[in-house]
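Novice: Each chain is listed here by its residues.
Protein chains: 2
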Amino acid sequence: MSLLKKIKDKKVNFEFNKEYIKVLVSKIISNDAQFITNSFKEIHPADAADIIEHLSEDNREKLIKLNNFQIDPQVFIELNESVQSEIIKYLSSDAIVSILKNLESDDAIKILENVDEQNKNTILSSLPPKDRFVLLESLSYPEDSAARIMQREFTAIPNNWSVGQTIDYLRENRDLPEEFLEIFIVDNEFKPVGTVSSSKVLRTQREKKMESIMSKSQLLIPVDMDKEEVGNLFENYNLNSACVIDKNNKLVGMITSDDVLTVLKEEAEEDVLRLAGVGNEEITDGIFKKTKRRFNWLLLNLFTAVIASIVIGFFQEDIEKVVALAVLMPIVASMGGNAGMQTLAVTIRTIATNELTKNNFNENILKEFSIGVLNGIIFAAISAIVVQIWFNDPILSLIISISMVLNMIVAGLFGILVPVSLKKMKIDPAIASSVFVTTITDVIGFLSFLGIGAYFFL
Amino acid sequence: MSLLKKIKDKKVNFEFNKEYIKVLVSKIISNDAQFITNSFKEIHPADAADIIEHLSEDNREKLIKLNNFQIDPQVFIELNESVQSEIIKYLSSDAIVSILKNLESDDAIKILENVDEQNKNTILSSLPPKDRFVLLESLSYPEDSAARIMQREFTAIPNNWSVGQTIDYLRENRDLPEEFLEIFIVDNEFKPVGTVSSSKVLRTQREKKMESIMSKSQLLIPVDMDKEEVGNLFENYNLNSACVIDKNNKLVGMITSDDVLTVLKEEAEEDVLRLAGVGNEEITDGIFKKTKRRFNWLLLNLFTAVIASIVIGFFQEDIEKVVALAVLMPIVASMGGNAGMQTLAVTIRTIATNELTKNNFNENILKEFSIGVLNGIIFAAISAIVVQIWFNDPILSLIISISMVLNMIVAGLFGILVPVSLKKMKIDPAIASSVFVTTITDVIGFLSFLGIGAYFFL
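Those protein sequences? They're chains D and S, same order as listed.
Residue numbers for the first sequence, in our numbering: 152 to 609.
Residue numbers for the second sequence, in our numbering: 152 to 609.
For the record, the hints were derived by calculation from the structure and aren't laboratory data.
Possibly wrong hints are sitting among the right ones.
[Claimed, not checked] For the chain D half of the interface with chain S, some residues (derived, Cβ under 7 Å), not all of them:
1. Lys-169
2. Asn-265
3. Arg-354
4. Leu-451
5. Asn-452
6. Gln-467
7. Ile-470
8. Val-474
9. Pro-481
10. Ile-522
11. Ile-528
[As the list claims (entries may be wrong)] Computed far set for chain S versus chain D, every beta-carbon distance over 10 Å:
12. Gln-235
13. Asn-265
14. Ser-313
15. Ser-349
16. Gly-428
[Claimed, not checked] Computed beta-carbon distance windows for the label pairs:
17. S:Tyr-292 <-> D:Glu-358: 39 to 47 Å
18. S:Ser-181 <-> D:Ile-536: 22 to 30 Å
19. S:Ser-236 <-> D:Glu-358: 30 to 38 Å
20. S:Asn-253 <-> D:Asp-579: 36 to 44 Å
21. D:Gln-316 <-> S:Gly-315: 16 to 24 Å
22. S:Glu-340 <-> D:Glu-170: 32 to 40 Å
23. S:Gln-539 <-> D:Lys-577: 37 to 45 Å
24. D:Ser-236 <-> S:Ser-207: 48 to 56 Å
25. D:Asn-310 <-> S:Ser-207: 40 to 48 Å
26. S:Glu-255 <-> D:Asp-183: 45 to 53 Å
27. S:Asp-397 <-> D:Ile-528: 24 to 32 Å
28. D:Asp-183 <-> S:Asp-397: 38 to 46 Å
29. D:Glu-170 <-> S:Gln-539: 48 to 56 Å
30. D:Ser-277 <-> S:Asn-513: 53 to 61 Å
Fair warning: this is a prediction, and the values are worked out from it, not measured in the lab.
Cβ coordinates follow ideal geometry from the N, Cα and C atoms, glycine included.
Please construct the entire structure, taking both the sequences and the accompanying hints into account.
Specialist: This is the structure:
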């Protein structure tokens, strides 16, 4: 089935998968590795990976352990990390080595990252010295650095060549990457001085100098730059590819926008999941894995919920006297929690995209404070009216309005201060902020409402 | 200052902006449009846009209204939408027309989307017929479709050409796009049959046929495909560019991965912000705009908080008798809310990336149910122990455990059912799900805890 048909008719795609998976499972059971290998060749590696991800863990293990079945390296790198680490356990070091040999350096690194320390050394020592050296060097950089997503295969030429010389070199040299969007021009010390897009070379007369058509305003990415930062640069400057330089400003690699697509998507996705306390959960993870991943967050939340309960506990006597306090107390806490999460979500995205800087930090704190005051006053008025109609008690209305203004201001301020402080302490703000913010708004919500209530009623 | 220096030394970047903005403001006041125009020419359009975004609304208005100042089209398209619509108000139709003429069709469309209906017609009628036709056709497709992000400038050749013929055509024809990653090969009816990357053309002998080096397994994007879907395809199949076809399968445009980068980033960002109820807020928005954007969500939340309070209100007598019920009641509701948000965040991302299909839907419902039961039992046990230690009351411990299991299961089920149902009703699940889910977990949390409490204590 052609990719085109699948895309144009989603239903075909679903049925195709379901039927196909059934056939595949029967072939796994009947030990027909040949059929599976052949049918994987007919579809895009990303689709084959998708199908393997949707097998049960059990069938996946059987498939990988089939005699005569070798997973295609291009399929392997398309699997999500969770399934990759699962499969790696069943693969021999030899099988992993042969996968690595067939991949470009950026893909090979992604796989090695999921292998445990001991096996990593065995595998590295089985690789040809050149490949080993390249991978070891990449591994020496931090996990989230540009070094890990760049490929070391690129096309560079000296700065005195003509277009004709370049084209002849490209035609004759077989040791170049399969495809490249840009040709890098380097000086005698291998420092990049400019780039020329492949299409520009195509459109220029042979006798012209490459230097005369190159674009100088290139973006040089230091090899240790954070990959999320690289993603922001690509997005900000609409890049298709960029060169990576080492500490001595020498050209060492190339990053293309398809690598960056994955980075940007993963990072933004992480923010959604981390804000909700799930971590890097995959849809294909099993029940126990999922339960375990979510457990810590819920435990932390239980702890903060108990703290909120302890605060309420201080006011047991007041609640016994005026039970309406118990009925209304969740309102202020919940409004604060929501206002806090609004500020938090905006702050976390602006931190991630480098829009929140030292320059505009104070201005933004002031903004959030003002928004807190404004929304606080508006919702103090609305909730006072609701409470007045419901309980017909002006004092109760007054209590809820005062604590509402207070908690909305607290929500705005901590919604911005908590993630910024965590970021300063080198903790990912998306992971931990929401627990802090909701704990603060819960505690202040209950404390202010019940405290002011106790003051007026006792 | 070179871009390189800015990237390698973030501090320089910040100081640079702050100092530069001061200078710029003084030049705006002294009416020195020439200085501003010249200095913008020295930096990347994306940086110039960044600086304009960080001016106060007031100064921005003055800048745009300066005599002899014309904003560079390349700078204009780099502005965020919020600032674009603000500036468009100050521009004459003529100024907008001259910006549009200088942009590629995908960028021109983005600007037209922000112009009000009446002005749009004036502007369109001032454009050259060819440009007008192209833009009108793009506007006839839905706002989130591939048509809006594709460019109509691309390079296509007949399927019987040789590499040499292609290169000569590219060298001679001045009416081609500035840059292209791939050359599309079309048949007599202008239907795409294959693509050849520019680098592959460069590396092949002149006499070879283009058809012999083209890759057939191309992805054809229907012009009305949702742009988020396009983003997923690019990410999934690691594409750098792809061709867009109309209803008759004819080639009409090209999408490149730098356009898709922006789409993917925006979509993932929207999910974070929408889950928190903020919509498309920009850091540069003013206080009143931000307050207004957040108001509806908070109002909705006030409504749901009042519903939860009404539920508590049913049990006033019970709370008066056993005040510990009031102290503990937020725990179950809050745990349910958090467990629900976990499931919700995972579900929304899997819906967005097309990983949740009819095929695995039932399986995932069952998974969430099982996770709810597992986590419910675990946290029932933990909270029972906490309550037992705190209040030394086995009945209270029993009440909290039963309602905990119940609410965790409800949280898991509605965390997946709510977004899927909203999606079916064509409502963006990221926007409305969390209100529904937390209302349900609040109501069930209070109702089950207080209800079971009333049963045991009365």
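Novice: Now look at each hint and say whether the structure bears it out.
Specialist: Going down the list of hints, with the structure as the test:
Taking 7 Å as the C-beta cut-off, the interface hint given for Lys-169 (chain D) holds, the closest approach to chain S being about 5 Å. A cut of 7 Å between beta carbons decides the hint on Asn-265 (chain D): the least distance to chain S is about 19 Å, and the hint is violated. Taking 7 Å as the C-beta contact cut-off toward chain S, the hint placing Arg-354 (chain D) at the interface holds, the least distance being around 5 Å. Checking Leu-451 (chain D) against chain S: minimum C-beta separation of about 9 Å lies over 7 Å; hint violated.
The interface hint given for Asn-452 (chain D) is met, as the beta carbon of that residue sits about 5 Å from the closest beta carbon of chain S, less than 7 Å. Annotation: Gln-467 (chain D) was flagged as interfacial toward chain S, and the flag holds, the nearest CB pair being 5 Å apart, inside 7 Å. With 7 Å as the threshold, the beta carbon of Ile-470 (chain D) comes within range of chain S, its nearest partner Cβ sitting at about 5 Å, so the hint holds. Proximity of Val-474 (chain D) to chain S holds as hinted, the smallest CB-CB distance being about 5 Å (cut-off 7 Å).
A hinted interface residue such as Pro-481 (chain D) counts as satisfied when its beta carbon comes closer than 7 Å to some beta carbon of chain S; here the least separation is about 6 Å, so the hint holds. At a threshold of 7 Å, the smallest CB-CB gap from Ile-522 (chain D) to chain S is about 5 Å, leaving the interface hint in force. Proximity of Ile-528 (chain D) to chain S is violated relative to the hint, the smallest CB-CB distance being about 10 Å (cut-off 7 Å). Taking the minimum C-beta to C-beta distance to chain D, about 16 Å, the non-interface status of Gln-235 (chain S) holds against the 10 Å cut.
The Cβ of Asn-265 (chain S) lies farther than 10 Å from every Cβ of chain D, with a closest approach of about 19 Å, so its non-interface assignment holds. With a minimum CB-CB distance of about 14 Å to chain D, Ser-313 (chain S) clears the 10 Å threshold, and the non-interface call stands. Listed as outside the interface, Ser-349 (chain S) is inconsistent with that label: its C-beta sits roughly 4 Å from the nearest C-beta of chain D, within the 10 Å cut-off. Distance check on Gly-428 (chain S): its Cβ comes as close as 6 Å (rounded) to a Cβ of chain D, failing to clear the 10 Å threshold; non-interface status is violated.
For the hinted restraint 39 to 47 Å between Tyr-292 (chain S) and Glu-358 (chain D), the CB-CB distance of approximately 45 Å keeps it satisfied. Hint check: Ser-181 (chain S) to Ile-536 (chain D), Cβ distance near 52 Å, so the stated range 22 to 30 Å is violated. Checked against the given bound of 30 to 38 Å, the beta carbons of Ser-236 (chain S) and Glu-358 (chain D), roughly 49 Å apart, lie outside it. Range check, Asn-253 (chain S) to Asp-579 (chain D): about 41 Å between beta-carbon atoms, so the 36 to 44 Å window is met.
The supplied range of 16 to 24 Å is met by Gln-316 (chain D) and Gly-315 (chain S), whose beta-carbon atoms lie about 18 Å from each other. In this structure the hint that Glu-340 (chain S) and Glu-170 (chain D) lie 32 to 40 Å apart at CB holds, the actual value being about 33 Å. Between Gln-539 (chain S) and Lys-577 (chain D), the C-beta spacing of about 39 Å keeps the proposed range 37 to 45 Å intact. In this structure, Ser-236 (chain D) and Ser-207 (chain S) meet the distance hint of 48 to 56 Å, their C-beta atoms being roughly 51 Å apart.
Checked against the hint of 40 to 48 Å, the C-beta distance between Asn-310 (chain D) and Ser-207 (chain S) comes to roughly 45 Å, which is consistent with it. Here the CB-CB span from Glu-255 (chain S) to Asp-183 (chain D) is close to 51 Å, well matched to the stated 45 to 53 Å. The given range of 24 to 32 Å is broken by Asp-397 (chain S) and Ile-528 (chain D), whose C-beta atoms sit roughly 54 Å from each other. Taking the beta carbon of each, Asp-183 (chain D) and Asp-397 (chain S) are about 42 Å apart, inside 38 to 46 Å as hinted.
Against the hinted window of 48 to 56 Å, the Cβ-Cβ separation of Glu-170 (chain D) and Gln-539 (chain S) comes to about 54 Å, which satisfies the hint. Taken as a hint, the range 53 to 61 Å is violated for the pair Ser-277 (chain D) and Asn-513 (chain S), whose Cβ atoms sit roughly 44 Å apart.
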